[in-house]
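**Student:** With chain A fixed as given, assemble chain B onto it according to the hints.
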Amino acid sequence: MKNVLKFLGLFLLAALVITACKKEEEDITPEITNVEAKNHDGGTQVSLGGTISVDFDAKTRSNAKLDYYNIEIHDHPASGAITDEYKIIDDQFTDNFKSLKNAHVHKHIAVPDTANIGSYHVVVIVVDEDGNSSDTEAIETHIEIVQ
Amino acid sequence: MNKIIFVYCVFLFAIMIGCIKKTETIIEQPVVEVISPAPCDTLRFGETFRFLVKVTDNTGLGNIKMDVHNNFGHHLHGEHVACIMDEPKDAVNPYFDEWILELPTQNLEYTLDKQLYITDTSNFDTGDYHFHIYITDDEGYQTFTTMDVKILNN
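Protein chains in written order, with the working numbering: chain A, 1 to 147; chain B, 148 to 301.
Be aware that a few hints might be false.
Stated by the list, open to error - Result set (DSSO-like, lysine-lysine): computed pairs, CA atoms no more than 30 Å apart in a straight line:
| id | chain 1 | residue 1 | chain 2 | residue 2 |
| --- | --- | --- | --- | --- |
| 1 | B | K212 | B | K236 |
| 2 | B | K201 | A | K107 |
| 3 | B | K212 | A | K98 |
| 4 | B | K201 | A | K98 |
| 5 | B | K201 | B | K261 |
Stated by the list, open to error - Now the in silico label distances, taken between C-beta atoms and shown as ranges:
| id | chain 1 | residue 1 | chain 2 | residue 2 | range |
| --- | --- | --- | --- | --- | --- |
| 6 | B | N254 | A | S79 | 56 to 66 Å |
| 7 | A | E144 | B | N301 | 36 to 46 Å |
| 8 | B | C187 | A | E140 | 33 to 43 Å |
| 9 | A | A138 | B | K201 | 36 to 46 Å |
| 10 | A | S79 | B | T266 | 44 to 54 Å |
| 11 | A | E25 | B | R197 | 43 to 53 Å |
| 12 | B | K236 | A | G118 | 24 to 34 Å |
| 13 | B | T252 | A | A138 | 49 to 59 Å |
| 14 | A | N34 | B | L263 | 25 to 35 Å |
None of these hints come from the bench; they were simulated from the model.
We treat Cβ as the ideally placed atom computed from N, Cα and C, and that holds for glycine.
Looking at chain A on its own, in the form it has when it is part of the complex (with noise of 0.2 Å):
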């Protein structure tokens, strides 16, 4: 009976050492936290010609380091259809980034004299090594762009 009771206490601990460190689905993406989109000169409103800045932290959830990041600027057109969209800037970056655990990112943007005036949305895509990617669509980073 002894013995019984010994190896049910032990059962009890290890179905303990299985279940107490059970969490939730593990997020492994890049955290990218901080955005701002800005006039680097001050302000919200950026003339045509004009530098935006844009400044974001990101780290990785992961083992892997940060690989790159990618900046799109897009405006809302009247259509609403994506094909329709202007850009400022949909590129990639590697600039003091890969192979970081964490990193803060400040780059400046020229906004083209041909840009169309209006709002536009920011959105920040982070990749790390293993490729998993996180992006900022569902948040609304926006700059204004004026004559």
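**Tutor:** Then chain B, alone, in the frame of chain A:
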């Protein structure tokens, strides 16, 4: 009985190890203290300035990447010491430079003391400038800090 206690202990240890949280970025990031220049210092074109910085880390050091760019529009990069700024103005010929300074990877603590030169072409815009300083350790964890200075003609 001792055997049973030993097995129990092994299990408890396994629980502890298994439940230890993943590495926290904030713990892994290098810690930096910029001693010189100090916030709001005045530097001069055509002169050197002392770059004195103390870096500590829990695994080993990497490098410091630093740039200087104009802040004539009074933009901010997070929280840092506020200085008395000139009136906002448009940049005409703003100064920009960057440095990459290697740190000894085997060290957990290092004080870098270097003289850095600010180019003199005599026609760069004077006024408010920003330093961006990125400090990286040997594992790729990075700390970012920034400070305002003035750069004037000598």
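**Student:** Would you mind marking each hint as holding or not holding in the structure?
**Tutor:** Results for each hint:
no.	hint	result
1	B:K212 x B:K236	27 Å, holds
2	B:K201 x A:K107	27 Å, holds
3	B:K212 x A:K98	14 Å, holds
4	B:K201 x A:K98	25 Å, holds
5	B:K201 x B:K261	12 Å, holds
6	B:N254 x A:S79: 56 to 66 Å	59 Å, holds
7	A:E144 x B:N301: 36 to 46 Å	41 Å, holds
8	B:C187 x A:E140: 33 to 43 Å	35 Å, holds
9	A:A138 x B:K201: 36 to 46 Å	41 Å, holds
10	A:S79 x B:T266: 44 to 54 Å	50 Å, holds
11	A:E25 x B:R197: 43 to 53 Å	51 Å, holds
12	B:K236 x A:G118: 24 to 34 Å	28 Å, holds
13	B:T252 x A:A138: 49 to 59 Å	39 Å, violated
14	A:N34 x B:L263: 25 to 35 Å	29 Å, holds
Checked against the numbered hints above, the structure violates only hint 13.
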